[in-house]
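A.B. asks: Listed below, chain by chain, are the residues.
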Amino acid sequence: MSRRRPGWTAAQTRRTVQIALLVVFFGLVLAVRLQPGTDQPGPLVKLFLVIDPLVLAATALAAHAVPKILLWSLLVVGLTAVLGRVFCGWVCPMGTIHDLAGRLLRAGRAKRRQPWSRWQLTKYYLLAAFLAGALFGLHWVVVLDPIVWLTRSTATGLLPAARWAAEESSTAVFQADPKIGSWRVSDATDPAYQFLRDHAFQAPGQDILNRQAFVGGGLILALLAVVVALNAWRPRFWCRYLCPLGALLGIVAWRPLVRRTIDKETCTDCDLCGMTCHGAAASAAGQGWKPSECLGCLNCTEACPRGSLAFSLPAPGRTQASEASLDLRKRALLGSAVGGVFALAVLRINPQSRGKVYHPALIRPPGSRPEPEFLQRCLACGLCMKVCPTGGLHPTFTEAGLEGLWSPRLVPQIGYCDYNCTLCGAVCPTEAIVPLTLDEKRTVRIGLASFDVTRCIPYAYGRECMVCEEHCPIPDKAIYSLNEWIEDRTGHWKKIKQPHVDPEKCTGCGICEHVCPFEDRPAIRVTSANESRHAADPVRRPLGNQPILPSSDADPYG
Amino acid sequence: MRQHSRRDFIVGSAAGALALGSQGLLSHAMAAEEPTAMTIAKWTGPKELGAEELKQAAIKLTEKAIEGLGGLKRFVGQGSVVWVKPNIGWDRTPELAANTNPDVVATIVRLCFEAGAKKVRVGDNPCDMAAKAYPASGIPDAVKKEGAEVLFLDKSRFRDTAIQGERVKSIPIFPAILEADLVINVPIVKHHRMALATLCMKNYMGVMESRGTFHQAIAECLVDLTRFMKPQLCILDAVRILKNNGPKGGNLKDVELTMTLAAGTDIVALDAWGAVVMGKKPTEISSIVKGAEAGLGKIDYKAIAKEIAVS
Numbered sequence: 028m029s030r031r032r033p034g035w036t037a038a039q040t041r042r043t044v045q046i047a048l049l050v051v052f053f054g055l056v057l058a059v060r061l062q063p064g065t066d067q068p069g070p071l072v073k074l075f076l077v078i079d080p081l082v083l084a085a086t087a088l089a090a091h092a093v094p095k096i097l098l099w100s101l102l103v104v105g106l107t108a109v110l111g112r113v114f115c116g117w118v119c120p121m122g123t124i125h126d127l128a129g130r131l132l133r134a135g136r137a138k139r140r141q142p143w144s145r146w147q148l149t150k151y152y153l154l155a156a157f158l159a160g161a162l163f164g165l166h167w168v169v170v171l172d173p174i175v176w177l178t179r180s181t182a183t184g185l186l187p188a189a190r191w192a193a194e195e196s197s198t199a200v201f202q203a204d205p206k207i208g209s210w211r212v213s214d215a216t217d218p219a220y221q222f223l224r225d226h227a228f229q230a231p232g233q234d235i236l237n238r239q240a241f242v243g244g245g246l247i248l249a250l251l252a253v254v255v256a257l258n259a260w261r262p263r264f265w266c267r268y269l270c271p272l273g274a275l276l277g278i279v280a281w282r283p284l285v286r287r288t289i290d291k292e293t294c295t296d297c298d299l300c301g302m303t304c305h306g307a308a309a310s311a312a313g314q315g316w317k318p319s320e321c322l323g324c325l326n327c328t329e330a331c332p333r334g335s336l337a338f339s340l341p342a343p344g345r346t347q348a349s350e351a352s353l354d355l356r357k358r359a360l361l362g363s364a365v366g367g368v369f370a371l372a373v374l375r376i377n378p379q380s381r382g383k384v385y386h387p388a389l390i391r392p393p394g395s396r397p398e399p400e401f402l403q404r405c406l407a408c409g410l411c412m413k414v415c416p417t418g419g420l421h422p423t424f425t426e427a428g429l430e431g432l433w434s435p436r437l438v439p440q441i442g443y444c445d446y447n448c449t450l451c452g453a454v455c456p457t458e459a460i461v462p463l464t465l466d467e468k469r470t471v472r473i474g475l476a477s478f479d480v481t482r483c484i485p486y487a488y489g490r491e492c493m494v495c496e497e498h499c500p501i502p503d504k505a506i507y508s509l510n511e512w513i514e515d516r517t518g519h520w521k522k523i524k525q526p527h528v529d530p531e532k533c534t535g536c537g538i539c540e541h542v543c544p545f546e547d548r549p550a551i552r553v554t555s556a557n558e559s560r561h562a563a564d565p566v567r568r569p570l571g572n573q574p575i576l577p578s579s580d581a582d583p584y585g
Numbered sequence: 273m274r275q276h277s278r279r280d281f282i283v284g285s286a287a288g289a290l291a292l293g294s295q296g297l298l299s300h301a302m303a304a305e306e307p308t309a310m311t312i313a314k315w316t317g318p319k320e321l322g323a324e325e326l327k328q329a330a331i332k333l334t335e336k337a338i339e340g341l342g343g344l345k346r347f348v349g350q351g352s353v354v355w356v357k358p359n360i361g362w363d364r365t366p367e368l369a370a371n372t373n374p375d376v377v378a379t380i381v382r383l384c385f386e387a388g389a390k391k392v393r394v395g396d397n398p399c400d401m402a403a404k405a406y407p408a409s410g411i412p413d414a415v416k417k418e419g420a421e422v423l424f425l426d427k428s429r430f431r432d433t434a435i436q437g438e439r440v441k442s443i444p445i446f447p448a449i450l451e452a453d454l455v456i457n458v459p460i461v462k463h464h465r466m467a468l469a470t471l472c473m474k475n476y477m478g479v480m481e482s483r484g485t486f487h488q489a490i491a492e493c494l495v496d497l498t499r500f501m502k503p504q505l506c507i508l509d510a511v512r513i514l515k516n517n518g519p520k521g522g523n524l525k526d527v528e529l530t531m532t533l534a535a536g537t538d539i540v541a542l543d544a545w546g547a548v549v550m551g552k553k554p555t556e557i558s559s560i561v562k563g564a565e566a567g568l569g570k571i572d573y574k575a576i577a578k579e580i581a582v583s
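In order, the protein sequence lines correspond to chains G and A. Just so we're aligned, residue 28 is where the first sequence starts under the working numbering, counting upward by one. Just so we're aligned, residue 273 is where the second sequence starts under the working numbering, counting upward by one.
It is worth saying that the hints were derived from the structure and are not from the lab. Here the structure is a predicted model, which means the values were calculated and not measured. We treat Cβ as the ideally placed atom computed from N, Cα and C, and that holds for glycine. Treat the hints with care, as some may be off.
With a Cα cut of at most 25 Å, we get these calculated DSS-like pairs of lysine-lysine [said to hold, decoys possible]:
(1) Lys521/G with Lys553/A
(2) Lys502/A with Lys319/A
(3) Lys521/G with Lys552/A
(4) Lys525/A with Lys532/G
Calculated from the model, a selection of chain G residues having no Cβ within reach of chain A, i.e. all distances over 12 Å [stated by the list, open to error]:
(5) Pro94
(6) Lys95
(7) Leu131
(8) Trp260
(9) Cys297
(10) Ser310
(11) Ala370
(12) Thr425
(13) Ser477
(14) Ile506
(15) Glu531
(16) Arg548
(17) His561
A few chain A residues that don't get close to chain G, going by computed Cβ distances all over 10 Å [to be verified]:
(18) Thr316
(19) Asp363
(20) Glu386
(21) Lys404
(22) Ala408
(23) Ala489
(24) Gly567
(25) Ile580
Modelling step: build the complete structure from the supplied sequences, incorporating the hints.
C.D. replies: What follows is the structure, encoded as structure tokens:
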């Protein structure tokens, strides 16, 4: 690029902005954690999700509801109508990662012409399919939304991996405790570890050792790796061919106010502009510019040795380039939409989708809406999993059916629902988990504990234990004990305390399961039974998921 | 994993301790008098107390009980490092009496510095998340004002430690507690469904990890742990006690204002007193009986305790 014009270029500004926003994105995901002193991590942590118009569109269609905070995305819609897909080119952190990956993976390769290809229409057909599905309540588009995808991958994959590396290496040094003379090596490694522990990965004293990993996090990370690797084949592969958010913004950028101008007098059709184009937006050298495919990266203006290219508002004396049509086929769009509806049927024809059959391990966070509504809103963005101070919320795989892929569930064996915490509802961008006050949250039942008396130590082995009762956070204790006389194998009788669960007091928080001395398969386990979100529904589900009748004479069918 | 024994720490500090301690020992020998082993401070002032008056009363009870033992100079060496080990087990506020009274802990910290301590560290290994239990307990705020360093015990920074007990051979212990010159054990008197009461011996469970199996033989395990910890000074807080639904509590109706506090060197005697405060017979609590059998102290606290009225 020896012929590049000297000086700071607009494209360099764009690169600076991209890197800065990528850092902001990771910083905000890191900030989704317990903040000592204040209760809530603040609304800013949802920033990238709530400015995503696809989240707004899919939620509005699927849930017939618009959480007010999502209206911020209209700013991006407005911006796109004026400037085109600059969100993709300048803001989107996933886009920046693809941009960087493309540069790294393709470094040293000769630049070649890369005109627009019909395959780039794929993303519009995908969008049509997903929006049609959303119209019938399918919120699956969010699985492919780049902001949601990257948020989830960062929260459940990238950060746990970084944390694992930092913790394991420094802990290995600490436990081996090597010394050089009188100097301990851990005096150097531990301060670094402590800084990361207390200022990046968790709040001071928030001990989530062994809970820094998420069930199925490896798969989520692997999928990210695959889509990033595709940049080796085509730069910005995801953005060009697949991204449904890019497609939505492409439609908004159909005829943006600011458009590309070419000075035909000086242009020599050298196509240096086309070789650096992020979006493959032009169909031939210097012509056929498709605004819906242009990411506003400004590489073309930087690459042009004659300065023949510019982006400008319509003004007297300047002729804006004529745009080439996208050539979307009506029949293909319709076919895609039908496909989307068909996909909905495929996702739903299994017994446990939509809560018709209650999966025992599907313990939803406190404040979660009833399952069908929950699935119409949940983005599977992973913010609740990231913020959960005990590390108890994990992405589902099959527990909620394929429709609920990667939505949150509590795994008490790994982390419990803290009695004094409401963070998951506070960070949920779509109110799939309704934000609750602490008093409200404490009345919500997310499940019910039950003893496995073939394992529980006082029952099965005749020894005292009661660790579960000790930890039960309910002031009046949902776990209580009864004295039983038992005979041991020598014929000796002794009195022992055997624990029981009071179903009216148990909220299913799971701390009992978490602290049970049996770590392989705890002897007290929580299942989704008795959850208050699935109360009696006289027509469809006479008992909801609440098999335990309240002891008062209230009529559950009334 | 390398095993660290208590001996490593003791040998390291023996020379210094000897030099510092010999003078004190000498004066005691000349006085030819057995130092007081236990004091019980009892509030005899007005029954109805506002928040500030209650705080002042807790401070006075602590001061008088320690004064009765001969002051902290008896235990705290000049320039020494002291670990004050309260009970910060739960994410509960002070009035719920699930954690040690913060004013009691802060007073001990102040007296440690007055007695010549170089550094006072405060920390516990809570059952609830430390990030929430610490601030809820009110202890960090109170002790930081007195100049103490508050430490979270990182679970990955415990080291497997040989304690060579009869039942417990080795457990992970937080090394910095063992490295301190003096550990002051400051529990609160609480109800416990299984152990009946949680007192001084049980409070040592906060220096360790992997404690889930202790309950199956709580008395034997506590005896092993206490023997290893070699208690020098315990201060048992009974300003407020948790009478029911312990050890976590959460109900004000389960809390009783008993306005008393004991300090001493005999951990079994202190626990026996705590049991009585809870309304139990000391012999009902297995760790007290086993502790006395193991020679860790005497159940008959009345024979050694000096009562001090505070108003």
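A.B. asks: Take the hints in turn and mark each one as holding or not.
C.D. replies: Going through the hints against the structure:
1. Lys521/G with Lys553/A: 20 Å, holds
2. Lys502/A with Lys319/A: Status violated; Cα separation ~37 Å.
3. Lys521/G with Lys552/A: 21 Å, holds
4. Lys525/A with Lys532/G: Measuring from Cα to Cα gives roughly 18 Å; hence the hint holds.
5. Pro94: Given that every Cβ of chain A is farther than 12 Å from that of Pro94/G, nearest at about 28 Å, it holds.
6. Lys95: Its Cβ never comes within 12 Å of chain A, the nearest being 30 Å, so this holds.
7. Leu131: 34 Å, holds
8. Trp260: The assertion about Trp260/G holds, with a minimum of 42 Å to chain A.
9. Cys297: 60 Å, holds
10. Ser310: With a cut-off of 12 Å, Ser310/G remains clear of chain A, as the shortest Cβ separation is near 57 Å.
11. Ala370: 42 Å, holds
12. Thr425: Thr425/G is indeed farther than 12 Å from all Cβ atoms of chain A, at 30 Å.
13. Ser477: 19 Å, holds
14. Ile506: 9 Å, violated
15. Glu531: Answer for Glu531/G: holds, closest chain A Cβ roughly 16 Å.
16. Arg548: Since the minimum Cβ distance to chain A is about 14 Å, Arg548/G lies beyond 12 Å and the statement holds.
17. His561: 27 Å, holds
18. Thr316: Answer for Thr316/A: holds, closest chain G Cβ roughly 32 Å.
19. Asp363: The assertion about Asp363/A is violated, with a minimum of 5 Å to chain G.
20. Glu386: For Glu386/A, whose nearest Cβ neighbour in chain G is about 29 Å away, the distance exceeds 10 Å, so it holds.
21. Lys404: Violated, since 6 Å does not exceed 10 Å.
22. Ala408: 8 Å, violated
23. Ala489: About 8 Å separates Ala489/A from the closest Cβ of chain G, which leaves it inside 10 Å; violated.
24. Gly567: The assertion about Gly567/A holds, with a minimum of 24 Å to chain G.
25. Ile580: 34 Å, holds
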